[in-house]
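One letter stands for each residue in the lines below.
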Amino acid sequence: MAAGVLALTAGCSGGVAGGGSEESEDGPIKLGMLAPFSGSESAFGAYMQNGAQLAVDEINADGGVLGRDLELVVEDDACDATTAVAGANKLVTEGIVGSVGGYCSGATLPTLPIFDEAGVPMVIPAANSNELVDQGLPGVFLINGTGDQQAAAAVQYAEKIGATNVAVIDDATSYSADLAQAFTTQAEEAGLSVVFEATVTPGENDYSAVATQLVGAQPALVYWTGYYQEGGLIVRQATDAGYTGAFMVADGSVDAKFSEIAGAGYTENVVGTFTQTPDMIEGADEWIADYEELAGDPPGPYSTQAYDAVRVMAQAIEDAGSTEFEEVVAALEGLEDFDTFAGPLTFTENHTLSGGGFVIVAVDPATSNFVLEDDLQG
Amino acid sequence: MMQLIWNGLIVGSFYALVALGYSMVYGIIKLLNFAHGDIYMLGAFVGFFTLSAFGISNETSIPLLLVILLLSMVTTGLIGVGIERVAYRPLRRSPRLAVLITAIGVSFTLEYGVRQIFGPNPEAFPVRLESRGVDLLGMRITASQIVLVVIAAGLMLVLAHIVERTREGRAMRAIALDPQAAQLMGVNVNRVISTVFFIGSSLAGAAGVMAGAYYGSIDFLMGFVIGLKAFTAAVIGGIGNLYGAMLGGVLLGMLESFGSAWFGGEWRDVFAFAFLILFLTFKPTGLLGARVVERM
Amino acid sequence: MARRLDLALKHAPLRAPAPLFERPRAARGVLDSQTGFMRALGVVAVLFLAVLPFIDASRYTMSIAISALIYVMLCMGLNVVVGYAGLLDLGYIAFFAVGAYVSGIFTTVLGWPMWAALPATVFACILAGIIIGAPTLRLRSDYLAIVTLGFGEIIRITANNLTITGGPSGIHGIPSWDFFGWSFEDGVTVLGLEFPERVVFYYFVAAVVVVVGVIGAGRLARGKLGRAWKAVRDDEDAAEAMGINTYAAKISAYIIGAVWAGLAGQLMATHLSAISPNSFQFLYSALILMAVVLGGMGSTPGVIIGALFVSLAPELLRDFAEWRFLIFGVLLVVVMLFRPAGLWPATAILPWLKRDRPQPPPFTSATAAVPPSVLESPSGAPDADVREGGRG
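Residue numbers (the numbering used here), protein chains in the order written: chain G, 1 to 378; chain X, 1 to 296; chain S, 1 to 392.
Chain G with its partners taken away, still in its complex shape (with noise of 0.2 Å):
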């Protein structure tokens, strides 16, 4: 029996003695992404595909990266631990070198140690919380603004409009409940009192109950750091509750839905926090006319977070000389201004950028979409 066993595992390069990733020396550079293609985010997955296609066919087009070309291999997380855990081990075994996926924080946190291990640098594009980081893992690189840069934003506007009152909801996820908190720590950390703080049950529709204590703390401005749709059913039923105050959203919320849900006329006050997107950039229509090329559809959010993750990626492959983690890793920590979407990126100690890129936005009462409104300079 066990000579039996010994002589199958001989005869087979894929058993135990033979694992490991499959990596080929000439075929294309695999670029894995998990996004979730399935589940309530899953809109988002194909913005960040996309985008991301879009890169790699423009690096392709230039002749590839070392002289080879890349190529995406998408997997879906389905914003949940254990899809996600099962993806990034077939992205793995599939030979990827680049990890450029990652879009909820809680689906992306126990994919990083299975990466690591397989030895493959990670540059992520979407998921922001500030724990990925924390786990001091060498190969993790966040190109969006994590909570952090986005509370500092936020309070910077808050402060800015003379804010001194201000409240804060959550809705129980994990980008949304830690960029809360970051927002309650850093606006007592610069004099304004924190008079409301609340979390909601996401998915239901009546939010009169968080509407009516809103009203009866009376903060000048409200920072909502979940998505869409309760985003926009809260800044309606607080302005009908009586609220005045200013609404201020975070990324998750800034899409043109929200100010579909919370109809016409409840716009006014809101304003979001959010990276730049290309059509606030001058001179990106370009960019938009071939992503729409490619995908049939504009881009949404972090399509050009993707976009730049994949370019990235592949310089920090092309400096290094080599898909090796260490030389990749020491490429990704030596980029120096690199020209992406959010502006030069740099990354910090800690492998996040050293400016989040955060801009305030408003709604634009023709389109319903949000357009720049401060880009928070001076």
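You may find that some hints are simply not true.
Computed from the model, here is a short list of chain G residues facing chain X with C-beta under 7 Å [claimed, not checked]:
| hint | residue |
| --- | --- |
| 1 | ALA198 |
| 2 | SER208 |
| 3 | GLY242 |
| 4 | GLU260 |
Since the hints were made in silico from the structure, they are not lab data.
Where is the CB? At the ideal position from N, CA and C, for every residue including glycine.
Use these hints to put chains X and S onto chain G, whose structure you have.
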């Protein structure tokens, strides 16, 4: 304080409308129609689909809402009858477990069928009620809330009339008491059960349209939580009892309103389900339910 | 007259009366008996599990194999509750969550080694089973369904809101198994074979636990307790009249289901090294229920097939993931309407054994020791349904 009561009343009227269907079906064929909450969701999507097909968006007219309401009620009523005919009737003599599992299957089919058609993202409902409010007696009351409560109360009055004053209603009550005896007395049991499914489903569909017009956002899972809550309401009021369902709905709405004010919104569902368990443990017949000696 | 009859009998040759039935042949080979075949099938399955890593030990294969094993464990546990005891539990994932969180908290917050957290997990699951079961098991079956659903949501929301459970982002950095200073992280070389991947060790631990779990649940079901469960399922009043403590039978089924799920939860926590409340939604309770119902309630091979189908189908069919809940929903209805006992019913008899079953002799008036109506029993043959308690 007054505001909390008023908020609770609004939410409670949604619960009550959905709970009525639960309670009626349960009262008659002792079936816990797990898919009932999803009929509520279907109602909202039927309205959404019709309005979008006509290219209507951002409307605030009440007559238009009433037209859509009626249309959705008829459609969801027919869907309810169809579900009963296809999925539940063949299993009427099967063990209860089989019917319950079928009901879960129906619920998944409806939810994920709508998801495949309309996509996973929430949609904005095209008709919205004017909802700027006035302050009255320490409460803030909006026009849309008044419309909502009036429609809900109107539907419940019609239902009470049907059940208590018409021939059909008498047949329903007879079947609830003893289906076999009712059949011997010449009641067409199958037809009456279909009627019950029609009425229950159309009430849920109406609630769905009203939720769309009142809150403004609909999605394919919107029926799940409200289905559970409506069941809780039906149990609190006494399942099988129509007035119990109304009372239970309003009561649960208020309990939640106060519960989330005191413990925080994140605990709201825990609070509601804990109440359900307490009621089932200590008073399984509910507030108005008849004492029935029955074993599983 | 009587004397003549005596004489006739005295001189008749001694001969055994011709048998009324053709006796079944004694079982000889594996294929000849139901039990023998099932055992052989089990041995083949265990061998396959043992050999799989030597055929393909890629992370991906190992990872989905572990997930599939965890599903099998969960489904076996739910099968005890739904299949044997007939209690519809729609919040079964809650016990999975309890197992995962208890092992996660004990190993990360308190720093216990993983094996030491095992008794804590089992104890917590027994406790959770009693807490949830004690008040609700006296209820009617459909009330029970909703109450368990409510409990499932309560556990998930609580895990999402508390600090000790890590809130919405959950617990991460859960250590792997280690035994007396040797951790799975270290790898090992046995007989010249290098085992570098810790995922392979998880696989072996999961395989051992699941095999024990499957055999254990199967044996429980055949014992006194198992017969009590099935009696309660088929007719609670009759079972009570026969002296079965129905409440004790139900709560024991519930507790055993809870422990199985808790062990699966611990397996998952170590496998993923991170857990978050998102993994414990109602959807997963429903998925496990679907696996049990599709495979065949109360049938060990059926439930395993159902579990493998539910866990592997989305991996094998790329486009299936999007459609799976719709397909599962339709399948549930269709199965309940047309094949309520599932793909491999608990009462299934191997097709080639059916013809060997004893047939009643052709009826003649000579053999009519009893009125014909009694012999012509409606089933026509002694049926396994009677033995196993057939379920519609």
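Quick rundown of the hints versus the structure:
no.	hint	result
1	ALA198	holds, 6 Å
2	SER208	holds, 4 Å
3	GLY242	holds, 6 Å
4	GLU260	holds, 4 Å
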